[in-house]
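Read off the chains here:
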Amino acid sequence: MNDRTTDILITRVIDGRASAADWHQFEAVAEREPAAWRDLALAQHDDRALRGAVAEGVARAESRGLPDEASIDEAAGTMSRRTRRVATWAGWAAAAAVALAFVTQRPQTTPGGTPFRANLGTPISTAADVLSDYLEKGRSEGVVIDELPQKMLVETTPDGQGGYNVVYLRLIMERASVPDLYKFSSDELGQQAPVRVVPVSDQPKKPFRPVL
Amino acid sequence: MVDDRKGSEVGADSPSGELAFSRAQAVAEAEANELETRSALAGDPEAIKNVWRRHRRWVAAILLAHKPRWADLDDLLQDVALSVVRKVGELRDPRAVRPWLRTVAINAAHAAARSGQRRVRDVALGDDENLRGAKPYGPPSPEQEEGRRLMDLARRLPDGYREPLLLKAVHGLSYREIGRILGLPETTIETRIARGRRQLRELAMAENTGPLARVGEDKR
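Going down the list, the sequences are from chains Z and Y. Convert by adding 405 to the 1-based position in the first sequence; the result is the number in our numbering. Convert by adding 5 to the 1-based position in the second sequence; the result is the number in our numbering.
Calculated from the structure, these hints are not laboratory results. Heads up, a few of these hints could be off.
[Said to hold, decoys possible] Going by beta-carbon spacing under 10 angstroms, a handful of chain Z positions derived as facing chain Y:
| id | residue |
| --- | --- |
| 1 | T411 |
| 2 | I413 |
| 3 | I419 |
| 4 | H450 |
| 5 | L455 |
| 6 | A458 |
| 7 | G462 |
| 8 | D538 |
| 9 | E541 |
| 10 | K542 |
| 11 | G543 |
| 12 | G565 |
Glycine included, every Cβ here is placed at the ideal spot set by N, Cα and C.
Whenever a hint applies, use it, and build me the whole structure from the sequences.
Here it is as structure tokens:
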């Protein structure tokens with residue numbers, strides 16, 4: 406008789422699977438090794454406590470219904486609105502990201518095999534170099550006004566090595582010339598439609614009428 | 006030498022019957038479940054809900070077995086539930102539902118461990134779903150504390166022992182069911198549960214927790 410056999414007999418007793426032969430065998434073991442009774446009692450105690458802990462989790466699962474498609478879509482819409490809101494105030498940063506994506510997606514080598522060089526004449530080595538080049542060239546062309554010193558923190562997570570991964574937005578202020586300005590508004594059917602924005606200075610001045 | 010048992014009853018663990026099913030009842034129920042699962046895979050919303058209701062209890066045990074201690078079980082259940090709604094229709098074989106759900110649950114728990122962040126849950130006031138699971142705050146009872154301590158110790162067991170042990174702690178889950186979830190024969194499940202219990206006890210002794218430790222404290 407070994408520990409493995411005793412463990413299986415104990416498990417069968419705990420789980421209500423012990424046959425008469427199993428009980429007979431267990432009693433024979435316990436007669437030779439009375440500690441088997443203690444092992445059985447402790448295993449029953451552990452099982453009861455563990456069942457209680459698992460039951461807490463199971464109770465939570467039982468109150469967890471499935472989300473329906475509508476609520477998922479609503480959640481997705483909320484996320485989308487959140488994204489739009491971020492995009493609204495971070496519009497310039499997003500524009501910079503688009504420009505960066507354009508620059509960095511160009512091939513790293515020319516058809517002749519020589520390393521690609523930006524117009525500024527410096528080899529592309531890091532993303533920071535590219536952004537620096539972009540800011541410099543943007544300033545010289547009057548497109549970039551400046552990068553704001555503040556950075557917007559989006560998310561921090563532990564990196565597992567005692568440090569943190571930080572996600573943040575860099576804010577770059579740009580200038581652009583456009584023929585017209587539009588904003589999106591909803592029509593009577595709730596559909597999004599562009600509406601031309603008239604700057605205040607272009608609006609006809611109304612005569613002042615005091616409220617009586 | 007103990008006998009190696011092969012399951013001879015459908016839905017029952019022993020001749021005495023841990024689940025009081027006759028063979029005919031069990032076969033009929035299994036067939037009905039398979040039909041419903043097929044409907045779920047075909048996209049029937051009501052069938053999908055029933056499939057989730059049938060499996061969510063053991064999914065919670067899998068999440069408990071794999072999640073980091075700090076991760077919120079409700080959030081992880083929500084992740085799995087979302088996957089069920091969105092992706093269960095991609096399955097073709099009803100028999101694949103259990104292993105698929107287990108994989109989804111393990112992935113959700115591991116993703117939480119990787120992200121290392123605790124999500125803040127928005128709880129809407131008056132939301133019945135949130136209130137249903139709510140319990141009054143208060144200090145845990147000694148039994149609850151003991152259960153949580155053992156759960157922490159169980160998380161340190163190897164995967165192969167941890168999962169069967171926690172699944173067996175789900176009330177009413179038979180060895181046969183556990184075997185189908187883990188894709189293992191019943192005899193292997195029995196051996197692993199037995200070894201898992203032994204290892205858990207040894208860990209508890211090493212940590213000086215459990216009833217014997219309390220007896221020692223009382224004597225002092």
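Verification of the hints:
1. Nearest Cβ of chain Y to the Cβ of T411(Z): about 9 angstroms, under the 10 angstroms cut. The hint holds.
2. Taken as an interface hint, I413(Z) checks out: its beta carbon lies about 5 angstroms from the nearest beta carbon of chain Y, inside 10 angstroms.
3. The beta carbon of I419(Z) comes within 8 angstroms of a beta carbon in chain Y, closer than 10 angstroms, and the hint placing it at the interface holds.
4. Because the smallest distance between the Cβ of H450(Z) and any Cβ of chain Y comes to about 5 angstroms, under 10 angstroms, the interface hint for this residue holds.
5. Using the Cβ-Cβ criterion of 10 angstroms, the hint placing L455(Z) at the interface with chain Y is satisfied: the shortest such distance is roughly 5 angstroms.
6. Hint on A458(Z) holds. Least Cβ distance to chain Y is approximately 3 angstroms, under the 10 angstroms limit.
7. With its C-beta approaching chain Y no nearer than about 4 angstroms, G462(Z) sits inside the 10 angstroms limit, and its interface hint holds.
8. Interface hint status for D538(Z): violated, as the beta-carbon distance to the closest one in chain Y is roughly 34 angstroms, over 10 angstroms.
9. Because the smallest distance between the Cβ of E541(Z) and any Cβ of chain Y comes to about 37 angstroms, over 10 angstroms, the interface hint for this residue is violated.
10. The closest approach between the C-beta of K542(Z) and any C-beta of chain Y is roughly 38 angstroms, which is over the 10 angstroms cut-off, so the hint fails.
11. Using the Cβ-Cβ criterion of 10 angstroms, the hint placing G543(Z) at the interface with chain Y is not satisfied: the shortest such distance is roughly 35 angstroms.
12. Interface hint at G565(Z): satisfied, since its Cβ lies 7 angstroms from the closest Cβ of chain Y, which is below the 10 angstroms cut-off.
Comparing the model with each earlier hint shows violations of hints 8, 9, 10, 11; every other hint is respected.
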